[in-house]
Amino acid sequence: MASISRTTRYVRALGAIAVIAVVAACGGGGGGTSGGGSTGAANQLTGRGPITLAQGKDTSGNVQNQINNWNSRHPNEQARLIELPEDADAQRQQMVQNAQTKSDAYSVVNLDVVWTSEFAANRWITPLPRNQFDLAKFLPPTIKTAEYRNGLYAAPWKTDAGLLYYRTDLLKKAGIAGPPKTWDELKADCAKVKGVNCYAGQFEKYEGLTCNFSEAVDSAGGTVVDDQGRPNVNTPQAKQGLDFLVQGFKNGMIPKEAITYKEEEARRAFEKGNLLFLRQWPYQWALSNKKGSKVAGKFDVAPLPGLSGPGAPTLGGHNLAISAFAKNKATALDFIKYLTGEQGERANLLATSEAPTIASLYEDPELQKKFPYLPTLKASLLNAKPRPDAVRYGDVTAAIQEAAYAALTGKMTSDQALSSLQTELGKLTQG
Amino acid sequence: MTTTTEPDVESVEAPARKDIQRSGRLAALLLSPTILVLALVVGYPILWGIRESLYERGQGLDEQGFVVQGDKFVGLHHYLDIFSGPNSSAFWNAFWNTTFFTVVTVSIETVLGVAMALVMHQAFRGRGLVRASILVPWAIPTAVSAILWRWIFQADGVANAVIHSQVLWTTEGFHAKLAVIIADTWKTAPFIGLLALAGLQLIPQEVYEAARVDGAGIWHTFWRITLPLIKPVLLVAVLFRMLDVLRMFDLPFVLIGAHKESVETLSMLAFDEATNLRYGSAAAFATILFFYVAIIAYAFVKLLGADILGQVREQRKPQQPRRTPKRVPVRQEATV
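From first to last, the protein sequence lines stand for chains A and B.
In terms of the numbering used here, the first sequence opens at residue 1 and continues consecutively.
In terms of the numbering used here, the second sequence opens at residue 1001 and continues consecutively.
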């Protein structure tokens, strides 16, 4: 027995030594790299060679095409697509993890516009030299989403604004001349068209809900967070906006299952012919006109309606940034310039109907012929409101989702939801 | 085996002890790489996690708007937040959910698993096929099965078609819990079934024959013979399942979604804190979960399973000194 306990002690001592050694090693390593990595040399965009592009699910399949195109011209600087999950929160999660392990697995990261502040503040992305881009060519609001405290950290690649997809065939049959411009008109139109659900958006508890909620509030003349970054959401205007959705769910204007919709569920419902109106991003245009969609050629898009006039869509979109921990940053910069260049964005628009960030493309007659909605979209974009700009955006959007979801599912009244949201946002935007 | 002559224990005690000592030291030497690896992959993360939970990192901004690097010692602040501070309502809700899922799913899975094992144990045509098909759900990664079930449970999915009504399974409410329970049971009952089957195969046929001769019915045989004899194996299976469910994460996260009160578990809370870069708080949640799991496991072994190892030792001692206990194929699922 004595020998066993001695063995145990021996083993324990060994274990303890191992732990101490490891703790010491990791502590030392961590301290060494955290200090120097973020300034100076890391900001130099040098090095050429293979790179990767990390982004969400390539739903349109065109990103791969563009990468193939690049690869055929740059045999020594091959790019590879890393597809992250469809869900935006999950994409950010993976990019954050990648940054925290200081991994060079992702060279170019496709950031949702709302992540710029957080990634820049944590020094996870490299500042970009303004003189490398012809910034005057971009739509001004899109540049704003790529900046943090006056520094440029990304290049606007795709922009997004919610549009109202509507069924032209059904409206025509009901004798309605054009798409609704206000919420009242929208409700009136629905009353005339039978046998189909009226309206839907993205109301599952995720980032899409934040967009749909902000849009409703902005379209009624309210704000979530004002220009100075102060939350101001407990207002009569914001309540009217939220009530459009809350009442919609209550009186059946919005089908009950829409509370489970993300983009793709909403698209499927529209393509099955179950919806008269759908608030959706531009990407659906090309997909819904494909074979297999029941509504191909039977729909069009219009600016979102609002309380008393056209609505204010939420500015979405994606910017391309270079991971601070990437190798071959010179190649990465060229690759970003290739994707965000006029040619690249033009090709992307033609293939996917994803909205470009370069203003001149909206005036291109050939493109306008193919996408008659471009002028409308440009006007919508110039009218679009960004979501709250916060380093702790994750907490901000979670608070918004919590409040909006509680109101939509009837757990709270609109008043309760907005007042608790105001309190939460107040805490999150302090200091 | 045949060549060793058993020395008389009484007379040669001293050399024997020396022998044990020497082999003990050899054993320690041979085991030390394993211990080292365990210390690295188990001991170090636990200690580091506990340390992390006492610190706060990267929560402030400097003049230029960059996140301030470096750790700040905050003591038990995160734990106070969780038990009685701003995080307490989320914590107790998640604690209740986690416990609820553990009790309910493990109970259902144990009953179903034993039933599956009894079916798989029967000799009939196509037995191999049945065994294989019962095990398919267990072979599918949890996140993948969660996506499969999300399709089933979506608004216009199969589940609603079958029950002819419109339940929105992924919204808040008891139905969300039910969806998780159904999907979890589907996936992991086969695990218990597999282990119970291994236990069944250890029971000699003669025992059943004797019972039949004595006139015992099927029910009686099951309660008095089958169940007690597979109990040690079954307890191991249940213990493994409990430890698994207590850290349940991917199924509710993928199937129902993040931030849904009805199904939020402790792992999900820890994940959420980490997602928002509050690693100290996340580590505190994870540490609490770790101790909860440890306490449950300890209590379970003490109350029910204390004689698992004892029984084996008893059996080995008198007659079959070299017989190793039967190995049960055990696979542990890696999550998170």
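Don't read these hints as lab results, they were simulated from the structure.
One or more of the hints may lead you astray.
[To be verified] Each pair of labels, with its calculated beta carbon distance range:
(1) A/Ser103 x B/Trp1096: 33 to 43 Å
(2) A/Gln343 x B/Trp1096: 51 to 61 Å
(3) B/Ser1032 x A/Pro75: 43 to 53 Å
The beta-carbon is built from N, C-alpha and C at its ideal position, and this holds for glycine as well.
Status of each hint after checking the structure:
| no. | hint | verdict |
| --- | --- | --- |
| 1 | A/Ser103 x B/Trp1096: 33 to 43 Å | holds, 37 Å |
| 2 | A/Gln343 x B/Trp1096: 51 to 61 Å | holds, 57 Å |
| 3 | B/Ser1032 x A/Pro75: 43 to 53 Å | holds, 51 Å |
When each numbered hint is compared with the structure, no violation occurs for any of them.
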